[in-house]
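Undergrad: Residue numbers (the working numbering), protein chains in the order written: chain A, 3 to 175; chain B, 16 to 234.
Since the hints were derived computationally from the structure, they do not count as laboratory data.
Watch out, some of these pointers could steer you wrong.
[Claimed, not checked] With a cut-off of at most 16 Å between alpha-carbon atoms, the simulated EDC-like pairs for lysine to aspartate or glutamate come out as follows:
(1) B/Lys65 / A/Asp132
(2) B/Lys17 / B/Glu42
(3) A/Lys159 / B/Asp214
(4) B/Lys65 / A/Glu121
(5) A/Lys159 / A/Glu121
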Amino acid sequence: MAEANPEIQARLISFLPRLRRFCHGLAGTREKGDDLLQSTVERALSRIDRWKPDSDLESWMFKMASNLNIDLIRSERRRGVAVDIDLANDLPCEDGLTKLESRSEIDAVGTALEAMPEEMRQVLCAVVIDGQSYKDTAELFDIPIGTVMSRVSRARKFIERHLASSSQAGKAA
Amino acid sequence: MKRSDEEISAWLDGQLPPHHAARIATELETDDELQGRVASLRNIDALVRKAVPLDDAVPVELLERLGLGQAPAETNVLPLAFSRPQRRSSAKVTTGGPGTGNRRWWKAAAQVALVACLGLAGAAWLGSADGDRAAPYRTLSAPAASQVGGNPSAIVLFDESVSEAQARTIIRSAGATIAGERTASGAWPIGLDPAESEDILSELRKSEEVLLAESIEGG
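Construct the complete structure from the given sequences, taking the supplied hints into account.
TA: What follows is the structure, given as structure tokens:
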């Protein structure tokens, strides 16, 4: 692995819990999130010469993690597991409902996050999980602020509907 | 006035202009429906944060994987699937072989050597009485750790510069599952859907990072 200078490494380590949580949110599970975190750190350290010291290291790495995750999602889509964001307001399909046999609301939310379209999940991760502003999130993902506003709202509604479905499934069981 | 979900959501995030936010705050005092919507969305946010918790302490093992810290000696035997220190080597081929730029040469050599091993192992397996499907793989090279994830039906060998995380990603992206720990020689045992095995192996072979992707079925 490429070596970064101690100052950058120290900054990276202090920022690591946030980045790890962001990767967890993007990837859907802690295990996949740690894999994504590792890929992100490796790529960042190998390209550290491309980072401009007057820019924000954290944003640079958030963007890198997001791009790496998108690469993974796209390669999965090529294999036929595409999720159309236009369908995001619809309730999950039967397969999705089957997966919603979660016993707790937190489990159900975790399942909903995994089922959520990537474009929605990354915005939710930045705003709700990491607490970033709409403006910073828009810059991070190169999208208009209005799109951030729309996606974070739809993401919350998506989870709300998953929770309702999960609750109904639990009562019917 | 009925507020849209987007407005309420942005208000919760503190992203509305002050005058707009103030109007919603005023309405919230008397609008039961609005109070219900806000409470529901706040509950969702709290659940999301619990589902994806912030751990201030990053495990030493993870720091070591990331190349950002030194784990104590006893953690050389890690409990998870990461029993090897991770590194990205800038020197892909340092000794032997016909020099740099010969990755294809190495790939071909690796294929010849490993397919030959697989053939021998397959023959040994076919001659075995117990019919253990993993036998050829074990004959090829003893695994570095105990098997997890079911019977492997193929193996993949990556370029030495590929990290464990990247290898896992490539395997998953191709549609295969990881069927155990890497062998001592660095090969990954993978599981394949029989109906798609050729397609998945073909997909893996397209990757510049893959030196070898071969079935280890006995047939």
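Undergrad: All the hints need checking, so say for each whether the structure fits it.
TA: Results for each hint:
1. B/Lys65 / A/Asp132: The hint holds at about 13 Å.
2. B/Lys17 / B/Glu42: holds, 10 Å
3. A/Lys159 / B/Asp214: violated, 38 Å
4. B/Lys65 / A/Glu121: violated, 21 Å
5. A/Lys159 / A/Glu121: holds, 14 Å
Checked against the numbered hints given earlier, this structure breaks hints 3, 4; the rest are met.
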